[in-house]
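From first to last, the protein sequence lines are chains A and B.
Under the UniProt record's numbering, residues 1 to 331 are what the first sequence spells out, in order.
Under the UniProt record's numbering, residues 1 to 331 are what the second sequence spells out, in order.
Just so you know, the hints here were simulated from the structure itself, not pulled from any lab data.
Treat the numbers as computed from the prediction; the structure is a model and nothing was measured.
Fair warning: there could be bad hints in the mix.
[As the list claims (entries may be wrong)] The following residues of chain A were derived to be distant from chain B, with all beta-carbon distances above 10 Å:
id, residue
1, P19
2, T144
3, R318
[Unchecked claim] Quick list of in silico lysine-lysine cross-link-like pairs, DSS-like style, CA-CA up to 30 Å:
id, chain 1, residue 1, chain 2, residue 2
4, A, K29, B, K309
5, A, K234, B, K29
6, A, K29, B, K234
7, B, K234, B, K309
8, A, K309, B, K29
Where is the CB? At the ideal position from N, CA and C, for every residue including glycine.
Number of protein chains: 2
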Amino acid sequence: MTSGERLSEDELIARLFAPIAGAGAFSLKDDAARLQPPEGQDLVLTADALVAGVHFFATDPAGSVARKALRVNLSDLAAKGADPLGFLITVALPPDWTVDWLAAFAAALGEDAHRYHCPLLGGDTVRTPGPLTLSVTAFGALPTGRMVTRLGARPGDRILVTGTIGDASLGLALRSEPTSAWANVLSPAEKAHLADRYLQPEPRCLFARAIRDHANAAMDVSDGLVGDLAKLLKASGVSGELDLDAVPLSAAARAAIGARPQLLETAVTGGDDYEILCTVPEGRLTSLRAAADAAGVALSVIGEVQAGKGELAIRDQRGPRQFGRQSFSHF
Amino acid sequence: MTSGERLSEDELIARLFAPIAGAGAFSLKDDAARLQPPEGQDLVLTADALVAGVHFFATDPAGSVARKALRVNLSDLAAKGADPLGFLITVALPPDWTVDWLAAFAAALGEDAHRYHCPLLGGDTVRTPGPLTLSVTAFGALPTGRMVTRLGARPGDRILVTGTIGDASLGLALRSEPTSAWANVLSPAEKAHLADRYLQPEPRCLFARAIRDHANAAMDVSDGLVGDLAKLLKASGVSGELDLDAVPLSAAARAAIGARPQLLETAVTGGDDYEILCTVPEGRLTSLRAAADAAGVALSVIGEVQAGKGELAIRDQRGPRQFGRQSFSHF
Numbered sequence: 001m002t003s004g005e006r007l008s009e010d011e012l013i014a015r016l017f018a019p020i021a022g023a024g025a026f027s028l029k030d031d032a033a034r035l036q037p038p039e040g041q042d043l044v045l046t047a048d049a050l051v052a053g054v055h056f057f058a059t060d061p062a063g064s065v066a067r068k069a070l071r072v073n074l075s076d077l078a079a080k081g082a083d084p085l086g087f088l089i090t091v092a093l094p095p096d097w098t099v100d101w102l103a104a105f106a107a108a109l110g111e112d113a114h115r116y117h118c119p120l121l122g123g124d125t126v127r128t129p130g131p132l133t134l135s136v137t138a139f140g141a142l143p144t145g146r147m148v149t150r151l152g153a154r155p156g157d158r159i160l161v162t163g164t165i166g167d168a169s170l171g172l173a174l175r176s177e178p179t180s181a182w183a184n185v186l187s188p189a190e191k192a193h194l195a196d197r198y199l200q201p202e203p204r205c206l207f208a209r210a211i212r213d214h215a216n217a218a219m220d221v222s223d224g225l226v227g228d229l230a231k232l233l234k235a236s237g238v239s240g241e242l243d244l245d246a247v248p249l250s251a252a253a254r255a256a257i258g259a260r261p262q263l264l265e266t267a268v269t270g271g272d273d274y275e276i277l278c279t280v281p282e283g284r285l286t287s288l289r290a291a292a293d294a295a296g297v298a299l300s301v302i303g304e305v306q307a308g309k310g311e312l313a314i315r316d317q318r319g320p321r322q323f324g325r326q327s328f329s330h331f
Numbered sequence: 001m002t003s004g005e006r007l008s009e010d011e012l013i014a015r016l017f018a019p020i021a022g023a024g025a026f027s028l029k030d031d032a033a034r035l036q037p038p039e040g041q042d043l044v045l046t047a048d049a050l051v052a053g054v055h056f057f058a059t060d061p062a063g064s065v066a067r068k069a070l071r072v073n074l075s076d077l078a079a080k081g082a083d084p085l086g087f088l089i090t091v092a093l094p095p096d097w098t099v100d101w102l103a104a105f106a107a108a109l110g111e112d113a114h115r116y117h118c119p120l121l122g123g124d125t126v127r128t129p130g131p132l133t134l135s136v137t138a139f140g141a142l143p144t145g146r147m148v149t150r151l152g153a154r155p156g157d158r159i160l161v162t163g164t165i166g167d168a169s170l171g172l173a174l175r176s177e178p179t180s181a182w183a184n185v186l187s188p189a190e191k192a193h194l195a196d197r198y199l200q201p202e203p204r205c206l207f208a209r210a211i212r213d214h215a216n217a218a219m220d221v222s223d224g225l226v227g228d229l230a231k232l233l234k235a236s237g238v239s240g241e242l243d244l245d246a247v248p249l250s251a252a253a254r255a256a257i258g259a260r261p262q263l264l265e266t267a268v269t270g271g272d273d274y275e276i277l278c279t280v281p282e283g284r285l286t287s288l289r290a291a292a293d294a295a296g297v298a299l300s301v302i303g304e305v306q307a308g309k310g311e312l313a314i315r316d317q318r319g320p321r322q323f324g325r326q327s328f329s330h331f
């Protein structure tokens, strides 16, 4: 395929997307796919839309855009305790789309579909006079009745989070102020780490089983830790306390915040972490930690659920803290 | 709600979309939904994206836009022989969206969800600097192994189509040339009929069971009868003949084509019909007709499947016919 080439919708589906389609997709020759749900399992459904210039940069590599579109949905499934079954994607292509770009996009999507055992089942390609717009609907499965929601947190539960928080939002800040004083204290490897976490989330699929086995409530952190925890507590009808000093930070994030302390707020309210936030009864902590070790997932206790009416108290070693905003706002 | 009001994402979900959500959607308080698949059934999955200015007019009423977004997907399910189970929708809102518009959109979506027994299960709302962009993923169910695809047409099958063809594409033509000579021969009721069929498809959900009981192959007519039939024959690895004189036309379409014969090409290649095209063995025709009568669906034999390599021959009483284009092209 050459860069100036144009393809009809049927051609681009047959050449770029059919090779990455899974069983039940009929090589994308049909408008619809068949899914035979595993016996004794519930399905978990989630959908996320991503718009160029809003959720990613129009100049981001095609592969990064593809991976982000799928992975933000896989992250939702993992946080519900579900294993991936498949996905559909709709792609609205802007006037300047090229076959080369779409080929790289489809190839990366196929690699991730294979990596996460989440085959492409169908979708739609249309044109738009606006920016590239993607919508992914992903399906997962888990044993009947075992889906973990945001609604189940109970007083006394410990609040935990996987991985590290704030890398992606600091990576985004780095792109808008690459020559700032705080950026200059970072090593090239630290800069790359932050930038990469914004571009390419790592969904915690390997931790899904531990979530469904041990957590009372869970969600993925997509809009910022503080705001997302507030949402979880409110949905569960409980209150809670967040210990800022316990929030896990990468070495790169520590270096950035060391150089500019206000960046702590960016880190804990900025979003795009795609880590799993969960609440777990104390009696399950040991089992959860063992599962995290087995999955190679870091796990930190960052607070506690309390009886109450949906209030979140934030403190560090010096006392209570408040932030101007809690999370990324979509409007 | 007043017209100048702004809502946060959480508020608009809670106020506009949660009231129309189905069981398993947790009142949209979670990022994901649970679907308990009916035992002994396969799921059918389909997704369609719609962009303002491409698939509908930005000035179309909010209710029409909502109904079209859901119904084009319900039409896909019906053509596969599946009964609706639920849907997810992602909505990318342009900068000038208003609460009033979105409230009317959500209300109409809820009415259709109720009417077609297809509850809202989840989705995502984001902003876009571009046009309003909607993506719906719909799920249907049918007995295991009974999904009807485009791939099963066999030589000797009769080719049939429901309802009437061309009304929507003529309705679209009417919008771009409302004072043309052909438009002037139409009565106000005929104009309204054509305009309405473009704005609001009527998915053939009541015919889904007849399709899965009797059809070898089926698809909905969304991109134009001629092009869609050519796709079906090619996917099935057979050829076929289309009798143009047998294509069912409404009185309004007959009047328009009578005034301007070239509009026949618009009618059979223009798309947006959302009727069901299917191929059926001769021995099943009587049963299929009985099911159509019971469902109140008109049904016409328009051709025959033949052995071959995917060619479509088109004829009318004067002999072979060809068209400059076969169907709506998405690019």
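Task: Hints that the structure is at odds with (numbers, increasing) - done: When the structure is compared with the hints, only number 2 turns out to be violated.
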